[in-house]
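Each chain, letter by letter, is given below.
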Amino acid sequence: MRLTALRSLATLNEMEKKFPLKKYGKQLWTRDLAKKVRAELTKLLEGADPGDAVIIDADGVEVFDYSFANELFGKTLLSLPNEHLGRFLIVENLSPYTRENLDRALESLSLAMIERKGRKVNLIGKIHQAYLETFILIAKAKEPMIANTVKDLLNMDVTAANERLTKLVGMGLLRRERGISDAGREQYLYSTAQFDQ
Amino acid sequence: MAASLGITKLGSDTLDQLLRRQNPFTNGSDTLDLCEVKFISPGGLVPLAAICHALARRRRSLNIVVTNEAVRGYLMRSGFVAAVKNIASFEPAIPRLASVLSDLRRGSNPLLIELTKLESGSRLPMLLDQIVWVLRHRLKYKKYDAFDIATAVSEICQNTFDHNDQTYGFVAMQAYTQQQGKFIEIAVADHGVGLAETLRRNPKNNHIRNDFDAIHSATRLGTSEHDDPTRGTGLYHLLEIAYRHGGSVQIRSGLATVRYRMDKKQGWRFSAVPIPGVHISFSLQSKS
Numbered sequence: 029m030r031l032t033a034l035r036s037l038a039t040l041n042e043m044e045k046k047f048p049l050k051k052y053g054k055q056l057w058t059r060d061l062a063k064k065v066r067a068e069l070t071k072l073l074e075g076a077d078p079g080d081a082v083i084i085d086a087d088g089v090e091v092f093d094y095s096f097a098n099e100l101f102g103k104t105l106l107s108l109p110n111e112h113l114g115r116f117l118i119v120e121n122l123s124p125y126t127r128e129n130l131d132r133a134l135e136s137l138s139l140a141m142i143e144r145k146g147r148k149v150n151l152i153g154k155i156h157q158a159y160l161e162t163f164i165l166i167a168k169a170k171e172p173m174i175a176n177t178v179k180d181l182l183n184m185d186v187t188a189a190n191e192r193l194t195k196l197v198g199m200g201l202l203r204r205e206r207g208i209s210d211a212g213r214e215q216y217l218y219s220t221a222q223f224d225q
Numbered sequence: 081m082a083a084s085l086g087i088t089k090l091g092s093d094t095l096d097q098l099l100r101r102q103n104p105f106t107n108g109s110d111t112l113d114l115c116e117v118k119f120i121s122p123g124g125l126v127p128l129a130a131i132c133h134a135l136a137r138r139r140r141s142l143n144i145v146v147t148n149e150a151v152r153g154y155l156m157r158s159g160f161v162a163a164v165k166n167i168a169s170f171e172p173a174i175p176r177l178a179s180v181l182s183d184l185r186r187g188s189n190p191l192l193i194e195l196t197k198l199e200s201g202s203r204l205p206m207l208l209d210q211i212v213w214v215l216r217h218r219l220k221y222k223k224y225d226a227f228d229i230a231t232a233v234s235e236i237c238q239n240t241f242d243h244n245d246q247t248y249g250f251v252a253m254q255a256y257t258q259q260q261g262k263f264i265e266i267a268v269a270d271h272g273v274g275l276a277e278t279l280r281r282n283p284k285n286n287h288i289r290n291d292f293d294a295i296h297s298a299t300r301l302g303t304s305e306h307d308d309p310t311r312g313t314g315l316y317h318l319l320e321i322a323y324r325h326g327g328s329v330q331i332r333s334g335l336a337t338v339r340y341r342m343d344k345k346q347g348w349r350f351s352a353v354p355i356p357g358v359h360i361s362f363s364l365q366s367k368s
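Residue numbers (my numbering), protein chains in the order written: chain A, 29 to 225; chain B, 81 to 368.
Derived from the structure by calculation, the hints contain no laboratory data.
Quantities reported herein were computed from a predicted structural model and do not represent experimental measurements.
Just so it is clear, CB atoms sit at the ideal spot from N, CA and C, and this is done for glycine as well.
Quick list of simulated restraints, FRET-style, between CB atoms:
| id | chain 1 | residue 1 | chain 2 | residue 2 | range |
| --- | --- | --- | --- | --- | --- |
| 1 | B | Asn286 | A | Ser138 | 22 to 28 Å |
| 2 | A | Arg127 | B | Asp209 | 19 to 25 Å |
| 3 | B | Asp209 | A | Thr194 | 41 to 47 Å |
| 4 | B | Met206 | A | Ser138 | 28 to 34 Å |
| 5 | A | Ser209 | B | Lys345 | 51 to 57 Å |
| 6 | B | Lys165 | A | Pro109 | 48 to 54 Å |
| 7 | B | Lys345 | A | Arg213 | 51 to 57 Å |
| 8 | B | Asn166 | A | Pro109 | 50 to 56 Å |
| 9 | A | Asn110 | B | Met206 | 32 to 38 Å |
| 10 | A | Ser107 | B | Phe263 | 41 to 47 Å |
| 11 | A | Thr70 | B | Ala173 | 54 to 60 Å |
| 12 | A | Pro78 | B | Asn189 | 54 to 60 Å |
Starting from the given sequences, assemble the full structure and let the hints guide the process.
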């Protein structure tokens, strides 16, 4: 299958900024503490460019409660589409326990976020299988994709493909940029945080 | 009177029976007779501390009549006497030296987290670390079970100061050993305005008609006094944790008490006598 070649108007910035959570303690309790952590995380996001990823490194953290997770992860994820459009928030090095708690916390807030495990990315939290499938497709792609490509690869109509992509952008899981096809038509390009995969 | 009711064990389930006959908020009496009581658990102890403080706000001082030596000893060891110092009295009086010695032994009982005042979030992380430590190293709980319990305690403790201005709450935990194994009881109580009034501060919760509605709504996702999608999950997660561990939970506010038996994932409603605040207790079997 030949896919439409595209040139992006913007350069995909692949910078990543690490945010180690361990410096706040091994056991992270309460919304009050999360507010302080979030203030520092927000500074990092404000300094990030579109396409950049801010990686919350949970290495060494044994537990956080739901209030902490809601305040830090939940509030930051909710702010992404409006305040930090195009930046990605990613978590890595979760223990089985913290992953389970974060998954439950995000599920209860109807949110999802990107988790990086080694060089692979996945989503945790509440995500419908159809959106997950679309996200994985984009995440595995070497280059940004247009809705028509998604439509062809997932064998669906373009309206459904656009709906899925728009939803994922609204959740802060994909980035949308304007691009120009070889035929000179302006189209939207969809991408997620890129790592060496 | 407690004597006529035959209440020998004062816990979350029997506190209401006691207050039906001797409610200082409705009968005007400042005396609470615990003469028949031979055993008191956190579910009775913690709300009693909140009641003393609620009365103190009304410039009243509760006189607690307690004669059983074991109960008097527990009131000292559990930190209750210290928590109501200068705002309540005991009959017969607690000797000052005995009270001071109990204060000095605070933290030394491996099966007890003494009654602790919760005024703000600043001391809570340390208390939760202590609960994890006690559960893991003294009671030999598995790591993740200890984290689950501390998480549940965290969620309900934060409610006590998040939703109440100029009031505060209390928490205590006691471990018990029975033939069937170990179990723990944790209680948290405040003397604020209660769930219904707190939740109705958010116009989205105007549908809440009574205290039962308030408890039911508060245990569902997203019901909060704050118009914030990341709020209103604490009691939901408490019930989820209790369910995973097969525990039981009691939530009391205003005129309503709901008891959840998590082996059936079901709540039973009981009418309650009117006292200020929200009182929550839960007990969990140890899996260790």
